[in-house]
Every structure is written in structure tokens, then in C-alpha cells.
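*Asks:* Based on the sequences and whatever the hints tell you, model everything.
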Amino acid sequence: MDSFSAISEAMKAVAKKKENLHKAFEGLISHGSLASLPLQWKDIEAHFHLIEKEINEKLEKLSEKEKLMPKPEMIQQKPEKPTENIAKIPAKAEVSPEKMVAKPGKTENTPVKPENSSAGNSKLGVKPKRILKTLCEKMDAKGLLKFIIEHRREVPAIRYELPMALRSAPNSAELVLDCVLEFYPTKGKQETPKDEVHGTRRACILLLERLSTIDSNRNPDIKERAMKIAGEWKKKVYTETEKEGGTPTAAHAFLQLLATYGLASGFDADDLFEFISLIGRMTEAPDLCRALGFTPSMPGKWVLLIVSLPLRLDMNF
Numbered sequence: 001m002d003s004f005s006a007i008s009e010a011m012k013a014v015a016k017k018k019e020n021l022h023k024a025f026e027g028l029i030s031h032g033s034l035a036s037l038p039l040q041w042k043d044i045e046a047h048f049h050l051i052e053k054e055i056n057e058k059l060e061k062l063s064e065k066e067k068l069m070p071k072p073e074m075i076q077q078k079p080e081k082p083t084e085n086i087a088k089i090p091a092k093a094e095v096s097p098e099k100m101v102a103k104p105g106k107t108e109n110t111p112v113k114p115e116n117s118s119a120g121n122s123k124l125g126v127k128p129k130r131i132l133k134t135l136c137e138k139m140d141a142k143g144l145l146k147f148i149i150e151h152r153r154e155v156p157a158i159r160y161e162l163p164m165a166l167r168s169a170p171n172s173a174e175l176v177l178d179c180v181l182e183f184y185p186t187k188g189k190q191e192t193p194k195d196e197v198h199g200t201r202r203a204c205i206l207l208l209e210r211l212s213t214i215d216s217n218r219n220p221d222i223k224e225r226a227m228k229i230a231g232e233w234k235k236k237v238y239t240e241t242e243k244e245g246g247t248p249t250a251a252h253a254f255l256q257l258l259a260t261y262g263l264a265s266g267f268d269a270d271d272l273f274e275f276i277s278l279i280g281r282m283t284e285a286p287d288l289c290r291a292l293g294f295t296p297s298m299p300g301k302w303v304l305l306i307v308s309l310p311l312r313l314d315m316n317f
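Position 149 of the sequence shown, counting from 1, maps to 149 under full-length UniProt numbering, and the rest follow consecutively.
Keep in mind the hints are simulated off the structure, nothing from the lab. Note that CB positions come from ideal geometry on N, CA and C, so glycine has one too. Some hints could be false.
[Stated by the list, open to error] Each computed DMTMM-like pair below joins lysine to aspartate or glutamate, with the alpha-carbon atoms no more than 25 Å apart:
id : residue 1 : residue 2
1  : Lys65     : Glu52
2  : Lys142    : Glu45
3  : Lys17     : Asp270
4  : Lys65     : Glu45
5  : Lys138    : Glu224
6  : Lys16     : Glu224
[Claimed, not checked] Cβ-Cβ distance ranges computed for the label pairs, FRET-style:
id : residue 1 : residue 2 : range
7  : Ala6      : Pro156    : 24 to 30 Å
8  : Met139    : Leu50     : 47 to 53 Å
9  : Arg167    : Pro248    : 27 to 33 Å
10 : Lys223    : Ala46     : 41 to 47 Å
11 : Leu50     : Ala6      : 45 to 51 Å
12 : Asn219    : Gly199    : 29 to 35 Å
13 : Glu26     : Gly262    : 33 to 39 Å
14 : Asp221    : Met11     : 36 to 42 Å
15 : Met11     : Gly262    : 23 to 29 Å
16 : Glu54     : Glu19     : 16 to 22 Å
17 : Arg167    : Glu240    : 31 to 37 Å
18 : Thr186    : Ala10     : 26 to 32 Å
19 : Leu50     : Gly231    : 37 to 43 Å
20 : Gly27     : Gly262    : 44 to 50 Å
*Replies:* Take a look at the structure:
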């Protein structure tokens, strides 16, 4: 029942957060400039009620399943005596020393499994590390991006190795900027396959995320260049949003670019909140909010944001 206790405590925390949210909403409404806000507390309360109802229903189903499970004492089996097991082993199962030695004539055709296994593991360990380091040392942006895209099935290993590899670059911040230019390529094929576009964009986001974990040379020139790229991306994200009704990947990349290079102060907070609303269901949303300087201490904006999202952001702060 420990899991149920933990969930119960979490539900109590949600109730308290809802109370705090109500107070923040009242403060927002009392603001003269927001008197015509087309939103009422009953709408927010209905949003919370719907989520709480869904959680409670799932808890009830989980409780019923737990009741149907056999108790530990019912599934305990009587241990067999060691002598009984030994008696069941046939005498001719013993292997003579002669049979344990392989015949020379058969060893040539025997596959060597350990070597094959290590070859497979090298893709997840040593080889990506060496190649990534070499590409970073050479500041080979195209090669680095291409390697990540082509080895997308090995992203967990690459994610682990990237920070170390980026540290070996003469200027990792500049290298990553060179890579992310391919997020919105200015040249090349007019109609790129969607899978290829998605792979390139995920690789760009991965590079931005891993760069943010290390100390890199983000000098004024680099930040100025990053700001120029961010300004261009912002317009394109807006365009994609209007055409497709919301593009979480593009918004995620834009916000990660701002967070990695410390550019959030150069953009209007209202615009950034609009982009955050597009990625609210992503697990990266809370960390990005912190990196961009957004916290629940901004009650007015936070009320509007929470209403448009699941409880993920509020509960992870």
C-alpha cells in the first residue's frame, strides 16, 4: 500500500496547489487591465476536477486489480529437498574430461560469439566516442550532425558521450550553432522527406541539450550570432504554428536555443509563454521553464499557462 499512500499525498498536494492557483487567479482578475479576461475560475476548476476524476478512476481500477492478486503466503511453494533434486539427475549426465576438450577439426567452423558481441557493443560504446571526439576536434558540423542522424538508434549512447566529445572542440558553442543551422536549411532540396527533416531536428535539439550541460565559450560574438538565429527561428515557428496548428518540435528547439545560449531576456515573456504552451506535455517542459527563468512566482502568467496545459508543469516545480 506504499504506492497508494504516495499517490494520496500527491493528490493532497494538488488540492493545495489548486487553492494557491485560485488566489493567484483572483489577483489576476483584480488587475484593471485584465478585467475583460475571457476566463472564469469555474473553467479552471472544471479542468482540475476532470483530471482528479480521471486519476481517482485509475486508482480504483488499480485497487481492484490488487485485490484479485494472490497474497504472498498463498504463492509460497514448499521448497524441494536438495537430495530429491540430486536423485532426479541421471547418472549418464556426467561429462568426462575427454568430452570437455574440443576436437581440433571442429574448432575452425565454430562461431566466436564473444567477438561478435563486442563488435555490436562497440557501436554503443568505444566507436561512437572516438568518432564523436574526432568530429568535434575538427569542428566538423556537417559530419557531426550526419553521424547523429545515421546512428539515431544509438542515441542513448551518443547522448552520454556528447558532453565529453564537445569539450574536445576548440569552440563547442560555435560548433553547435553551425549544426543547428540545418534545422531550417536555407539551401538544398525544396521538398525534404518528413522522416529526414524530423531526424535532423531531433539531432539539433540533442546537441543543444547536451551543450547546456557543459561550460562552453559563449562569448559576445557567439551570443550575437545565436540571437540572430533565434530571431529567424521565431518567425518560422510562428508560421508553422499557423499552418499546422502547433509544432512542439520547432517550439522545443527554439526554447532550447534560448536556454542554452542565455537569450531569454532578449524576447518578450508573453511570446515565450505561448511557445511553452506548445511543449507543455513534454517531459522537458519543467526544466526548460527553469532554464528560461519562469517560475510559479509569476502568478498572473502562470495561471494562464496552467489552464492550457496538463498538471505536469505545476507538479514538477
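*Asks:* Failing hints, ascending?
*Replies:* The structure conflicts with hints 2, 4, 6, 11, 14, 15, 18, 20, although it agrees with all the remaining ones.
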